[in-house]
Amino acid sequence: MDLSSINPVLLLASLMVAATPILIAALGELVVERSGVLNLGVEGMMITGAICGFAVAVETGSPFWGFVAAAAGGALLSLLFALLTQFALANQVASGLALTLFGLGLSSLLGQGYVGVKPPHTAKLDIPILGDIPFLGPVVFSHDLMVYFGLALVAAIWAMLKYTRIGLVLRAVGENHDAAHALGYKVVRVRVMAILFGGACAGLGGAYISLIRVPQWTEGMTAGAGWIALALVVFASWKAGRVMLGAYLFGGVTVLQLNLQAAGVSIPVEYLSMSPYLITILVLVIMSADRSRAPASLGRIFHATQ
Amino acid sequence: MLKLEKRPQPSQLWTYLTPLLAVIITMIAGSALFALLGKNPIEAVATIFWEPLFGEFSFYYRPQLLVKGAPLVLIAIGLSLGFRAGIWNIGAEGQYIIGAITGAAVGLAFYPAESWLIFPLMVLAGALGGLAWAMIPAFLQVRFGTNEILVSLMLVYVAEQLLASMSLGLLKNPEGFGFPGSRNFQQYASGHNAEIITGSGMHWGVVAALIAVIFAYILLNRHILGYHIRLTGQAPRAARFAGVRPNLLILFCLGTSGALAGLAGLFEVSGPAGQISIDFNVGYGFTAIIVAFLGRLHPVGIMLAGLLMALTYIGGEIAQSNLGLPAAAIQLFQGMLLFFLLAVDLLTNYRIRFVKAETA
Chain A
3 MDLSSINPVL LLASLMVAAT PILIAALGEL VVERSGVLNL GVEGMMITGA
53 ICGFAVAVET GSPFWGFVAA AAGGALLSLL FALLTQFALA NQVASGLALT
103 LFGLGLSSLL GQGYVGVKPP HTAKLDIPIL GDIPFLGPVV FSHDLMVYFG
153 LALVAAIWAM LKYTRIGLVL RAVGENHDAA HALGYKVVRV RVMAILFGGA
203 CAGLGGAYIS LIRVPQWTEG MTAGAGWIAL ALVVFASWKA GRVMLGAYLF
253 GGVTVLQLNL QAAGVSIPVE YLSMSPYLIT ILVLVIMSAD RSRAPASLGR
303 IFHATQ
Chain B
3 MLKLEKRPQP SQLWTYLTPL LAVIITMIAG SALFALLGKN PIEAVATIFW
53 EPLFGEFSFY YRPQLLVKGA PLVLIAIGLS LGFRAGIWNI GAEGQYIIGA
103 ITGAAVGLAF YPAESWLIFP LMVLAGALGG LAWAMIPAFL QVRFGTNEIL
153 VSLMLVYVAE QLLASMSLGL LKNPEGFGFP GSRNFQQYAS GHNAEIITGS
203 GMHWGVVAAL IAVIFAYILL NRHILGYHIR LTGQAPRAAR FAGVRPNLLI
253 LFCLGTSGAL AGLAGLFEVS GPAGQISIDF NVGYGFTAII VAFLGRLHPV
303 GIMLAGLLMA LTYIGGEIAQ SNLGLPAAAI QLFQGMLLFF LLAVDLLTNY
353 RIRFVKAETA
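Taken in sequence, the protein lines are chains A and B.
Note that the numbering used here has the first sequence beginning at 3, numbered continuously upward.
Note that the numbering used here has the second sequence beginning at 3, numbered continuously upward.
Keep in mind the hints are simulated off the structure, nothing from the lab.
Quick caveat: nothing in here was measured; it's all calculated off a predicted structure.
For every residue, glycine included, the Cβ atom is placed at its ideal position computed from N, Cα and C.
Take the hints with a grain of salt, since some may be wrong.
[To be verified] Quick partial rundown of chain B residues pointing at chain A, CB under 7 Å, derived from the structure:
1. P43
2. V47
3. F51
4. V144
5. F146
6. L152
7. Y159
8. V160
9. H194
10. A196
11. I199
12. G201
Assemble the whole structure, with the sequences as input and the hints as a guide.
Quick look at the structure:
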């Protein structure tokens with residue numbers, strides 16, 4: 003075992019990369035849940051986004067179009083969930099599970115021709131002066147664009163929920179859909195939009211894994227990232243800023259255990275690989291004491307009688 | 003204009019019709035999918051649903067129906083109890099793995115001793131393993147209010163890592179020339195879950211599944227606990243006034259489904275699979291969710307749904323080798339089934355009315 007082989011600069015830099023997919027997916031789910039809908043299909047939408055993004059990026063040679071396709075793929079899949087829960091008034095838990103099972107099947111079908119293919123390289127930003135700062139430069143200022151997109155999304159969603167009319171309507175629908183309906187807000191329309199946004203975010207998160215983090219395509223490669231994103235929303239008490247905090251915490255654990263594996267710690271690899279999931283459970287236990295922050299209409303079916 | 007009107011009571015007729023309708027719609031959508039993949043759609047659907055039952059080699063495939071159906075039914079029966087009460091155990095896959103590990107470990111501990119006692123002990127250990135694994139989300143929910151969906155699901159990934167660790171380490175066959183995987187139970191008579199009637203596919207897991215169906219039926223229809231489960235699902239507030247203790251129900255539902263999933267794992271590892279290996283689990287724990295819903299959370303329905311789902315597994319394998327249909331297409335096909343089922347379920351609870359658009 004040689005712990006000195008772990009470079010703290012590289013560790014922190016890869017932490018940002020490891021956190022980004024769950025950060026983006028969790029932010030999408032945050033918006034969905036604030037509108038009062040529980041979509042458990044994040045894992046399915048992420049993996050679908052991962053293959054859509056991968057396939058399009060390989061075919062066009064452009065990671066940009068890959069990410070666009072990933073967002074579109076994730077949103078398209080979430081449309082199925084919207085149809086089921088908002089128009090067919092199906093149970094949200096069951097529909098979310100269906101979405102995940104369906105997405106896993108769909109992605110492995112779509113991905114057949116792409117196993118072992120190398121995706122086009124996504125360029126890293128080279129910020130001239132900031133990137134040269136010792137320590138901070140490589141850790142914070144020399145990543146690909148998606149890392150900063152994730153951070154910008156945190157700020158945008160926080161501001162949207164807190165200061166804008168759209169955010170207020172969204173929260174109203176999530177807290178009490180009957181009252182929102184009585185005020186004349188289109189509950190179903192708001193929720194469908196939120197679900198589509200969540201789907202697009204999950205798709206982007208998935209594509210980040212297949213295009214940048216790994217980067218290649220293997221079946222089931224998201225390996226529970228979607229579920230961790232769901233846990234993150236609970237962890238964050240439905241607040242955007244704390245989602246970021248949680249994502250970096252989980253990113254840190256993931257990166258640290260990978261580094262420990264590489265350093266040859268005497269703990270078997272399998273037990274290290276378990277740690278992100280175990281820590282998720284642990285954090286859920288600590289954070290679940292206060293459930294008062296959950297949107298009041300979360301998971302309830304809305305059917306306007308008149 | 004179409005308008006939805008909530009029925010005062012769920013329609014009995016549609017309760018029975020919707021699963022059939024969902025299967026038919028899935029066949030149609032599936033045909034379209036197969037056609038897109040460049041296969042003859044009618045041939046593909048016939049291969050999946052007809053070939054295993056009445057085809058040339060049906061003498062081989064029919065017993066497989068029981069072998070593949072038994073774990074699905076065992077797990078789905080357990081899940082259905084919780085689903086009825088709004089307790090969502092979706093980590094059955096993990097409980098299945100742990101049941102297989104603990105059961106196999108007990109069996110391997112006795113190797114090479116021969117005694118009729120060994121197999122019953124393995125069965126007990128398998129059930130207890132699954133039970134213990136399911137008790138983690140149950141206890142955490144009762145004590146700390148954590149979400150059982152997320153915790154049980156996280157534990158699937160933990161169990162998968164544990165499985166890898168076991169087949170590479172603790173339970174590895176010492177005479178296996180360094181290959182991963184445990185000793186094979188098919189070569190260890192006392193620990194082998196052999197067919198009860200040779201060539202019928204009928205092993206002890208099938209018997210256990212049938213017993214589980216009967217017990218679940220009696221529990222739900224004739225026992226106060228079953229009544230409490232149904233009451234909690236339909237009217238949680240009323241249930242609390244009626245003196246139902248929600249925590250006890252959580253422990254019972256998660257515990258039972260865990261034990262049944264553990265049993266399924268044990269019967270699989272000591273019979274059809276034969277050994278603990280890295281890729282021992284094939285997703286029965288997740289497919290069982292589809293089985294539970296397709297069977298309308300009713301024990302008899304689940305039995306039929308389990309057989310149907312087993313049919314798509316077997317037919318899927320035939321279509322894979324005969325027509326070159328990708329395995330993922332079958333997985334997608336099963337996922338579609340749950341989708342359509344949830345969609346047509348609308349007809350059970352709502353009436354669709356055509357109304358003329360009125361001016362306000």
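Chain A contact restraint on V144(B) - CB to CB distance below 7 Å: Interface hint status for V144(B): violated (12 Å vs cutoff 7 Å).
Hinted contact Y159(B) with chain A - closest CB pair below 7 Å: holds (5 Å)
Supplied contact hint for F146(B), tested at 7 Å Cβ to chain A: Holds. Min distance 5 Å.
Chain A contact restraint on G201(B) - CB to CB distance below 7 Å: violated (33 Å)
Per-residue hint verdict: V47(B), partner chain A, C-beta under 7 Å: violated (17 Å)
Hint check: 7 Å Cβ-Cβ cutoff, P43(B) to chain A: violated (16 Å)
Supplied contact hint for V160(B), tested at 7 Å Cβ to chain A: holds (5 Å)
Status of the hint placing F51(B) at chain A (closest C-beta pair under 7 Å): violated (18 Å)
Interface hint for I199(B), Cβ within 7 Å of any Cβ on chain A: violated (34 Å)
H194(B) as chain A interface residue, shortest Cβ-Cβ below 7 Å: violated (28 Å)
Evaluation of the interface hint that places L152(B) against chain A, nearest CB under 7 Å: For L152(B), the interface hint holds, since the closest Cβ of chain A sits about 5 Å away, which is under 7 Å.
Interface restraint verdict for A196(B) against chain A (beta-carbon cut-off 7 Å): Interface hint status for A196(B): violated (32 Å vs cutoff 7 Å).
Comparing the model with each numbered hint stated earlier shows that hints 1, 2, 3, 4, 9, 10, 11, 12 do not hold.
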